[in-house]
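So the protein lines, in turn, are chains A and B.
Numbering of the first sequence is given in the numbering used here, commencing with residue 77 and proceeding in unit increments.
Numbering of the second sequence is given in the numbering used here, commencing with residue -16 and proceeding in unit increments.
Heads up, some of the hints might be wrong.
From the derived model, a few chain B residues whose C-beta atoms are all more than 10 Å from chain A [what the hints assert, rightly or not]:
| hint | residue |
| --- | --- |
| 1 | Gly28 |
| 2 | Lys71 |
| 3 | Asn155 |
| 4 | Glu167 |
| 5 | Arg404 |
As a list, the in silico DSS-like pairs of lysine-lysine whose alpha-carbon atoms are at most 27 Å apart [claimed, not checked]:
| hint | chain 1 | residue 1 | chain 2 | residue 2 |
| --- | --- | --- | --- | --- |
| 6 | A | Lys122 | B | Lys82 |
| 7 | A | Lys122 | B | Lys84 |
| 8 | B | Lys389 | B | Lys335 |
| 9 | A | Lys145 | B | Lys178 |
| 10 | B | Lys168 | B | Lys178 |
| 11 | B | Lys66 | A | Lys167 |
| 12 | B | Lys71 | A | Lys122 |
| 13 | B | Lys219 | B | Lys181 |
| 14 | B | Lys366 | B | Lys334 |
| 15 | A | Lys122 | B | Lys217 |
| 16 | B | Lys71 | B | Lys99 |
| 17 | B | Lys84 | B | Lys66 |
| 18 | B | Lys290 | B | Lys178 |
| 19 | B | Lys290 | B | Lys66 |
| 20 | A | Lys167 | B | Lys91 |
| 21 | B | Lys479 | B | Lys84 |
| 22 | B | Lys88 | B | Lys99 |
| 23 | B | Lys71 | B | Lys88 |
| 24 | B | Lys479 | B | Lys56 |
| 25 | B | Lys168 | B | Lys66 |
| 26 | A | Lys167 | B | Lys181 |
| 27 | B | Lys66 | B | Lys56 |
| 28 | B | Lys66 | B | Lys82 |
| 29 | B | Lys56 | B | Lys99 |
It is worth saying that the hints were derived from the structure and are not from the lab.
Beta carbons are placed, not taken as given, at the ideal position from N, Cα and C, and that holds for glycine.
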Amino acid sequence: MQRFLVRRAMHGAIILVGLSILLFSLLVFTPGDPVELIAASTPDIKPEDVAALRAYYGLDDPVFIRYFKWARSVLSGDLGFSRTYGTPVTKLMGERLRNTLTLLATSVALAFAVGVSVGIYSALHQYSATDYTVTVLAFAGLAMPVFWQGIVFILLFAVWLPWFPAGGMMTPGVAPGWPAFVDRVWHLVLPVAVLATSGMAGWTRYSRSSMLEVIRQDYVRTARAKGNPENVVINKHALRNALIPIITLVALTIPGVLNGAVLTETVFSWPGMGLLLFQAVLGHDYNVAMAVLLFVALMTVAANLLADIAYAMVDPRIRYD
Amino acid sequence: MKMRVRSLLAVALVVAVVVGFQIPAALAQRNRDIVVVGMAQEPDGLMMAFHSMAAGAAVNNSLLKGMVEYNDKWQLYPITVEKVPTLKDGDWELLPGGKMKVTWKFRKNFTWHDGKQYTALDASWTNLMLRNPRSPTVSRTVIRKIDNMLVPNSNDPFTLVVQWNERYPFANIGHTVYPRHVLEKDYLRDPGQLKANKQNRFPIGNGPYKMAEWVAGSHMTLEAYDKYPLGVAKIKRQTWRFILDSTVLQANAIAGQVDVTEINNITDCGALEQIERRNSNVQGHYTPALIWEHVDLNLDNEWLRDKRVRQAIAHALDRAAIAEIACSGGRQPVAHAWLPERHEGYNKDVKKYTFDLARARALLAEAGFTMGPDGFLRDRAGKRFEMTIMTTAGNALREQVQQIMKDQLKAVGLDLRIDNRPAGVLFGQTTARRQFPHMVMYAWLMTPASLGNTLWKSDQIPTAANNWEGQNYPGFRHEENDRLLTQIETEIDTAKRVAMLKRQQEIWAEELPSIPLYFRLHLTTSPKAVRGVSPAGLAGTYINWNSSEWVWSQ
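Please build the complete structure, drawing on both the sequences and the hints.
So this is what it looks like as structure tokens:
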């Protein structure tokens, strides 16, 4: 297992280096740069001013030199300076990461709890009216684009039924302490609901099919034949086995949820990493965009590794050499 | 098991009740001591000499007041100085050799938000700092026209003398002033690091509001400055919320979660009318502005080089109908040249191109085009008459106008292809490096100080040779036009300048380097209950230009 982990960590490091080169190139070769944006909105700017700005932002160097400068800085623990925000990227990421993790953790937990419960109930009542309803809703949840769903939720629950705020993370000026906490929860409801919906739909489908597969197994039939009560058969013999593939999938969904967070945070003006990435890409803020993208890449690599470990832990038949 | 479920339900109920009671408490924080402004941008910094985003300039209208500013009548009025210098009063002097001297008298009762005196010494130091090549100054175009900025008498730190090395008609619009005592230490250490100074994120200003909080990605809160000499702001707090999605910003306005909207990306009167309809407490402002929607033509193209082809395109388009798409009822005037009625250089007598398909066909026939078997024209060489139009991808209104143009130009035998680009690409390269083959649709935002010299002079055609200087994207060349614009740049006499601008408009309308569409309204909203809101509709002068005078009515 130890050898496996070392090997996977090395693979992960190689993937991250490759990705950093790819992402840096993609960002740099995207048409436009920060100085072009400034020049476009400053009608009387002269070429000498443009040249001075290009030198100031280090855009004059060849791309590979810029990459090596950036990589050296990152390896020394410095993610650079945000051109847009005028603050170190590390500080910026710290603030935003907390907000994103709040959103992600809440929505993943909600999606998992509701999705798995509903999926298992649906499997146990296969071909019932509830099963059909759950299936239709799950496909609808999977099919709805996050940004569209976000706007619909805002219209429904913030405009027509003014129950929740139409975006933002806090009410400016709200008293600190308990009122501030409640205010955050209140702001969290709609983005979590949107982000959790597609996850919930996915979990429902996974857990339904997993449970259906397990309850047809011989050992479940044997458990019933032994005269065990139905709740023991389901909870002790079926459910535990049905959860094995689902638990490993939890880690693998993290990158997908992070992607969903970019859209959700943009629609709901939730000041997290997704919104930061969106603004950084639009504003050609390369240091910030690279830091966020690499963070997502790191999470993806780590999530895959976690999934492998989790799989070995929950399923005694799996061994890594 | 059942007990556990019941316990969970009980906890959920308690939480719901507590939250339910707390939400109104949170809402109650929004009272009449505060006004919430929503905008679809977040500033990238607040030292505008180092930045170019409109959002930063808008917030600065509350934080940092200029020496003089434009009001809603587009007139200059003094703020931190006693008066606007004029030639008549002698504080603006024309000197031999094309030089000038302007004397400014600073008010003595202005202080920075940290209590330090605001003086002319701040202005002269700021000028030195901004002209330093190592400072991250965006544009030094005006600074280069200045020889020196002096405080001639050390006993009088309230008199500033600006010595100009050339004639400049807008020498009375003031200069950027930053607090020397805040910036000087960092400046002396490294001018290149000035953007990292606290002044950029948490500025010490001199305006009616001072910075209280900036939560990145969310909002910033300003508080009334109790020593503002022109009258302490009546509304105690101003919160700026950053809601990047325009649709969500509109939803917030309908839901009453933002009071005022500015830089809202709303270009369609229908959207504003919907906000007003859905929230009767909101008032929409439809302000005539200096925003010119148009289609630049690439005059290097073999067909568009011919004036008759350009004029035929103008005749083939029902521009009055196009102007109605976004705002019906004639509220957006059709453009016949590039300056609107409210600009001093507007000329109502320029050549006008009415919607006239017969005239368009006749002009194209004169230019040598004949009808092909597929209903589209052929030029003399037999080449099919097809062109490409570009605009900002995702701008629904412009994409709709493109479709109408495509249909209308088809009627005269021109096959129009649509090929759009994201705004960053369109303005970053497509226009700035003239990479559009035939047509590109966008808007210019202008100020009363816009003279068109960067837009229409032939030395302002961006080329690799001139390092892509200028905004003459069509590539317009005309000898008299060049001569007029050169003279306009340095003409101090308003009457003479206006006369030359009018003549320039005549030439422009005859030559038609672009197809003028319409002058856009500046669309903003505010609560009916807030009195004193009067948007100016000018770039640089935002809805909050007079926010110290706003007051919630009882």
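Comparing the hints with the structure gives:
no.: 1; hint: Gly28; in the structure: 6 Å, violated
no.: 2; hint: Lys71; in the structure: 27 Å, holds
no.: 3; hint: Asn155; in the structure: 17 Å, holds
no.: 4; hint: Glu167; in the structure: 18 Å, holds
no.: 5; hint: Arg404; in the structure: 8 Å, violated
no.: 6; hint: Lys122/A - Lys82/B; in the structure: 22 Å, holds
no.: 7; hint: Lys122/A - Lys84/B; in the structure: 24 Å, holds
no.: 8; hint: Lys389/B - Lys335/B; in the structure: 21 Å, holds
no.: 9; hint: Lys145/A - Lys178/B; in the structure: 21 Å, holds
no.: 10; hint: Lys168/B - Lys178/B; in the structure: 13 Å, holds
no.: 11; hint: Lys66/B - Lys167/A; in the structure: 45 Å, violated
no.: 12; hint: Lys71/B - Lys122/A; in the structure: 33 Å, violated
no.: 13; hint: Lys219/B - Lys181/B; in the structure: 24 Å, holds
no.: 14; hint: Lys366/B - Lys334/B; in the structure: 31 Å, violated
no.: 15; hint: Lys122/A - Lys217/B; in the structure: 42 Å, violated
no.: 16; hint: Lys71/B - Lys99/B; in the structure: 34 Å, violated
no.: 17; hint: Lys84/B - Lys66/B; in the structure: 16 Å, holds
no.: 18; hint: Lys290/B - Lys178/B; in the structure: 48 Å, violated
no.: 19; hint: Lys290/B - Lys66/B; in the structure: 48 Å, violated
no.: 20; hint: Lys167/A - Lys91/B; in the structure: 40 Å, violated
no.: 21; hint: Lys479/B - Lys84/B; in the structure: 21 Å, holds
no.: 22; hint: Lys88/B - Lys99/B; in the structure: 18 Å, holds
no.: 23; hint: Lys71/B - Lys88/B; in the structure: 16 Å, holds
no.: 24; hint: Lys479/B - Lys56/B; in the structure: 22 Å, holds
no.: 25; hint: Lys168/B - Lys66/B; in the structure: 32 Å, violated
no.: 26; hint: Lys167/A - Lys181/B; in the structure: 15 Å, holds
no.: 27; hint: Lys66/B - Lys56/B; in the structure: 17 Å, holds
no.: 28; hint: Lys66/B - Lys82/B; in the structure: 22 Å, holds
no.: 29; hint: Lys56/B - Lys99/B; in the structure: 33 Å, violated
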